[in-house]
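Participant: Here is how the chains run, residue by residue.
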Amino acid sequence: MSTTTYPVRPGARRMPLVAVDDVRAAGKGFVGRKTIDPGDPYLRGHFPSLTVYPGVFLVESLQQMLEVHLDGALGGVELVELGSVRFSRPALAGDEVVIEAEVDGDRDRLVTKATCSSGGQRLARITATWRCRP
Amino acid sequence: MTTTTYPDPADLLPYGHPALQVDRIVRHEPGALEAVKAVTYHELDAHVGDSRPGRFPASLTLESFLQACGLLLMRETADAGPDARPLLIFGSARGVRVTGAARAGELLVHSVELVDRDEETATFTGVSRAGDGRTVVEVDRAITLLRPAGSLDGTGR
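Those protein sequences? They're chains C and H, same order as listed.
Take 428 as the starting number for the first sequence in our numbering and just add one per residue.
Take 56 as the starting number for the second sequence in our numbering and just add one per residue.
FYI, nobody ran anything at the bench for these hints, they're computed from the structure.
Bear in mind that the values here come from a model prediction, so they are computed numbers and not experimental data.
No residue lacks a Cβ here, since even glycine has one placed at the ideal position from N, Cα and C.
Take the hints with a grain of salt, since some may be wrong.
Stated by the list, open to error - Stretch by stretch, here's where chain H covers chain C in the computed footprint (C-beta under 8 Å, at least three residues):
#: 1; region: 448-460
#: 2; region: 466-473
#: 3; region: 483-490
#: 4; region: 512-518
My request is simple: use the sequences and hints to build the entire structure.
Facilitator: Below, the structure is given as C-alpha cells:
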C-alpha cells in the first residue's frame with residue numbers, strides 16, 4: 428500500500444506524527460491504513476529497545492483518518508470523548524494497521540465505531556465522539 | 056517548610072526521549088499522585104516543524120495522563136525494586152472527555168487516583184488541568200495491564 432501525503436488545513440493543529448498512510452471510503456465510513464515506522468517522531472523512545480505504537484496513537488490515527496475522510500486534508504477535527512477503547516494486542520514496527528470505521532452524525536457531533544487490526548488480528552476497538560471546527 | 060523530593064519520572068518509567076511525557080512528580084500519597092508536564096513550542100515545533108496554534112494534542116495529553124498513572128503505580132511498588140516493577144500496558148478506558156488543550160507555555164497537571172488493583176490490572180481515574188486550572192481531560196476509568204518487565208521484547212522475567 429502506497430503512502431499518500433495529505434495537505435494540512437491552514438491554522439489547524441499539527442500532528443505529533445503523521446499517523447495515516449491512506450484512507451478510502453467504505454460502507455458507512457472508511458478504511459484507513461498506517462504502517463508503523465520506528466523512525467516516526469515519538470516512537471524512538473517508545474520503547475528504546477522495541478518500537479511499540481502507543482495505544483493512544485491508534486486514536487490519533489483514527490482522528491487523522493477521519494479528517495482525511497471528511498475533507499481530504501489533515502486537521503479540523505477535535506476529539507470530544509472516548510466512550511470506550513479496548514486494546515487487544517500491540518502494534519509493532521513494520522505492522523500495517525488497518526482501521527475500519529463507521530461514521531455517524533453531523534459535523535457538530537460525529538460518532539465513530541472503529542476496529543483496528545493488523546494481519547487479520549484485532550488490535551483495538553474504539554468508540555469515539557468528535558466535532559469539526561467551524 | 057519541608058519540601059518532598061520525588062524520584063525522576065525517567066528513572067521510574069521505561070520510556071525514552073521523546074516519548075516520556077511527564078516531567079515531574081509534585082505530590083504523592085497512598086493511592087493518589089500529581090505530576091506535571093511542561094508544554095513548549097520547543098517540543099511541538101521540533102517534531103512537526105510549524106505548529107500553530109501551539110496546542111498539545113489530545114492523544115499526547117492522554118498518553119501523558121497514562122504515564123502519570125504509571126508513575127503512581129511505580130511509587131506504590133517502590134519497595135519492590137526496579138527489576139520487580141511491572142510493565143504497564145494501556146488496556147482499556149471509558150468515559151474520557153476532552154474539554155480543552157494545554158497551550159505552549161503552560162503546565163499540564165495530572166491528578167490521578169488508583170481505584171483498584173489486582174495481580175494483572177490496575178484501574179485509575181483522574182483529571183488533567185492546564186495553566187489557569189481549567190480542565191482539559193477527565194477520565195472516568197483507565198485500566199492498565201500489568202506485565203513482567205521486559206515482557207514486550209521477550210526478556211520478561
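Participant: Next step is simple, just say for each hint if it's right about the structure.
Facilitator: Status of the hints after comparison with the structure:
1. Check result for the region 448-460 of chain C against chain H: violated, 0 residues qualifying (beta carbon to beta carbon below 8 Å, three or more required).
2. Under the rule that three or more residues need a Cβ within less than 8 Å of chain H, the assignment of the region 466-473 of chain C holds, with 6 such residues.
3. Residues of the region 483-490 of chain C with a Cβ under 8 Å from some Cβ of chain H number 5, which satisfies the need for three, so the listed coverage holds.
4. Counting residues of the region 512-518 of chain C whose CB falls under 8 Å from any CB of chain H gives 4; the rule of at least 3 is met.
In this structure, only the earlier hint numbered 1 is contradicted, and the remaining ones agree with it.
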